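Undergrad: Assemble the whole structure, with the sequences as input and the hints as a guide.
Top to bottom, those sequences are chains Z and A. Numbering-wise, the first sequence is residues 1 to 64 according to my numbering. Numbering-wise, the second sequence is residues 65 to 223 according to my numbering.
Don't read these hints as lab results, they were simulated from the structure. Small disclaimer: the values here were computed from a predicted structure and weren't measured. The reader is advised that the hints may include incorrect statements.
What the hints assert, rightly or not - The calculated lysine-lysine pairs, modelled on DSBU-like cross-linking and capped at a C-alpha distance of 35 Å, are:
{"#": "1", "chain 1": "A", "residue 1": "K207", "chain 2": "Z", "residue 2": "K22"}
{"#": "2", "chain 1": "A", "residue 1": "K207", "chain 2": "A", "residue 2": "K80"}
{"#": "3", "chain 1": "A", "residue 1": "K189", "chain 2": "Z", "residue 2": "K32"}
{"#": "4", "chain 1": "A", "residue 1": "K189", "chain 2": "A", "residue 2": "K207"}
{"#": "5", "chain 1": "A", "residue 1": "K80", "chain 2": "Z", "residue 2": "K22"}
{"#": "6", "chain 1": "Z", "residue 1": "K22", "chain 2": "A", "residue 2": "K189"}
{"#": "7", "chain 1": "A", "residue 1": "K207", "chain 2": "Z", "residue 2": "K32"}
{"#": "8", "chain 1": "Z", "residue 1": "K54", "chain 2": "A", "residue 2": "K71"}
{"#": "9", "chain 1": "A", "residue 1": "K189", "chain 2": "A", "residue 2": "K142"}
{"#": "10", "chain 1": "Z", "residue 1": "K32", "chain 2": "A", "residue 2": "K71"}
{"#": "11", "chain 1": "A", "residue 1": "K189", "chain 2": "A", "residue 2": "K80"}
{"#": "12", "chain 1": "Z", "residue 1": "K54", "chain 2": "Z", "residue 2": "K22"}
{"#": "13", "chain 1": "A", "residue 1": "K142", "chain 2": "Z", "residue 2": "K22"}
{"#": "14", "chain 1": "Z", "residue 1": "K22", "chain 2": "A", "residue 2": "K71"}
{"#": "15", "chain 1": "A", "residue 1": "K207", "chain 2": "A", "residue 2": "K142"}
{"#": "16", "chain 1": "Z", "residue 1": "K54", "chain 2": "A", "residue 2": "K189"}
{"#": "17", "chain 1": "Z", "residue 1": "K32", "chain 2": "A", "residue 2": "K142"}
To be verified - Output of the computed footprint for chain A on chain Z, the stretches with three or more beta carbons under 8 Å from beta carbons of chain A:
{"#": "18", "region": "3-14"}
{"#": "19", "region": "31-41"}
Glycine included, each C-beta is placed from N, C-alpha and C at the ideal position.
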Amino acid sequence: MGYEPDPYLTADAIDPVLEVFKRDLDFSLTEKNLRLTTDERAQQLVNATRFIRKFRPLVTPENP
Amino acid sequence: MITDFEKALRILTENKIEFIVVGGVAGTLHGSSFITQDLDVVYSRSRENIQRLAATLQLYQPYLRNVAEGLPFRWDEKTIRNGLNFTLTTSFGDLDLLGEVAGGGTFINLLPFSQEVSGFGLRFKIVNLEKLIVLKRAAGRPKDLAVIAELQRILGRGE
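TA: Shown next, in the form of structure tokens:
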């Protein structure tokens, strides 16, 4: 039996729970991202993960 | 462990693995501000692709994630053929290899909903924005709700 897409599962279907999340969303950072190219967005992700990799080990229960 | 996305995607593309990026990395490339820690890809289940996947990843110590150490897990063609979706740890980080994904089906099913992008100094396929939202909705995970809300706003704005 092959894969059958669900016709009711669409990207733009209104969901009241998602509408609440949208209301509280700070879209300013996303707006900045949308002005970047995909290469620049990828580089941003690389930079963020390098930062996390570097600083996460410094966080300990004694030094939260 | 946070995945070295650049290295992971370079390994997959340079070894001619057929895959489509889904999940958080696809979201980032569509403009999402949420940061992901692993790489999720839907891979082709063709015989040749399974052979390439087995040979390529063998070099990077693949092992099942969140499973006790020391189990007799072998990463080879037979394992991939007998399985479907693999959540792996590797020496370059966490990698989810999906043969089929809820809301999207297989690699072949997803191909018409993919687009080629440039990123990490490479060119590769990611799932398009509309389908990414559908996949995340189909997954039904509470942690994705804020991400879906953001992706819907991006979709509404017109990327």
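Undergrad: Is it true that the CA of Z:K22 sits at most 35 Å from the CA of A:K189?
TA: Between Z:K22 and A:K189 the Cα gap is close to 28 Å, so the pair holds against 35 Å.
Undergrad: So if I understand the rule, the pair passes when the alpha-carbon distance is 35 Å or less; does Z:K54 with A:K189 pass?
TA: 29 Å, holds
Undergrad: Decide if the proposed pair is consistent with the structure: Z:K32 and A:K142, CA atoms, cutoff 35 Å inclusive.
TA: 46 Å, violated
Undergrad: For a C-alpha distance cap of 35 Å, please report whether Z:K32 and A:K71 respect it.
TA: Status holds; Cα separation ~26 Å.
Undergrad: Hey, Z:K22 versus A:K71, does the alpha-carbon distance stay inside 35 Å?
TA: Distance of about 34 Å is within 35 Å: holds.
Undergrad: Does the structure keep A:K207 and Z:K22 at a Cα separation of 35 Å or less?
TA: OK: A:K207 and Z:K22 at ~14 Å, within 35 Å.
Undergrad: Would you check chain A against the region 31-41 of chain Z, counting CB to CB pairs closer than 8 Å, and say if three or more residues qualify?
TA: holds (count 7)
Undergrad: Please work out if Z:K54 and Z:K22 have their alpha carbons no farther apart than 35 Å.
TA: 32 Å, holds
Undergrad: Take the C-alpha atoms of A:K189 and A:K207, compute the straight-line distance between them, and say whether it is at most 35 Å.
TA: 25 Å, holds
Undergrad: For Z:K54 and A:K71, compute the direct alpha-carbon distance and say whether it is at most 35 Å.
TA: 17 Å, holds
Undergrad: Against the 35 Å threshold, does the CA-CA distance of A:K80 and Z:K22 hold or violate the hint?
TA: 39 Å, violated
Undergrad: Can you confirm whether the C-alpha distance between A:K142 and Z:K22 stays at or below 35 Å?
TA: 45 Å, violated
Violated hints, in rising order: 5, 13 and 17; the structure is consistent with all others.
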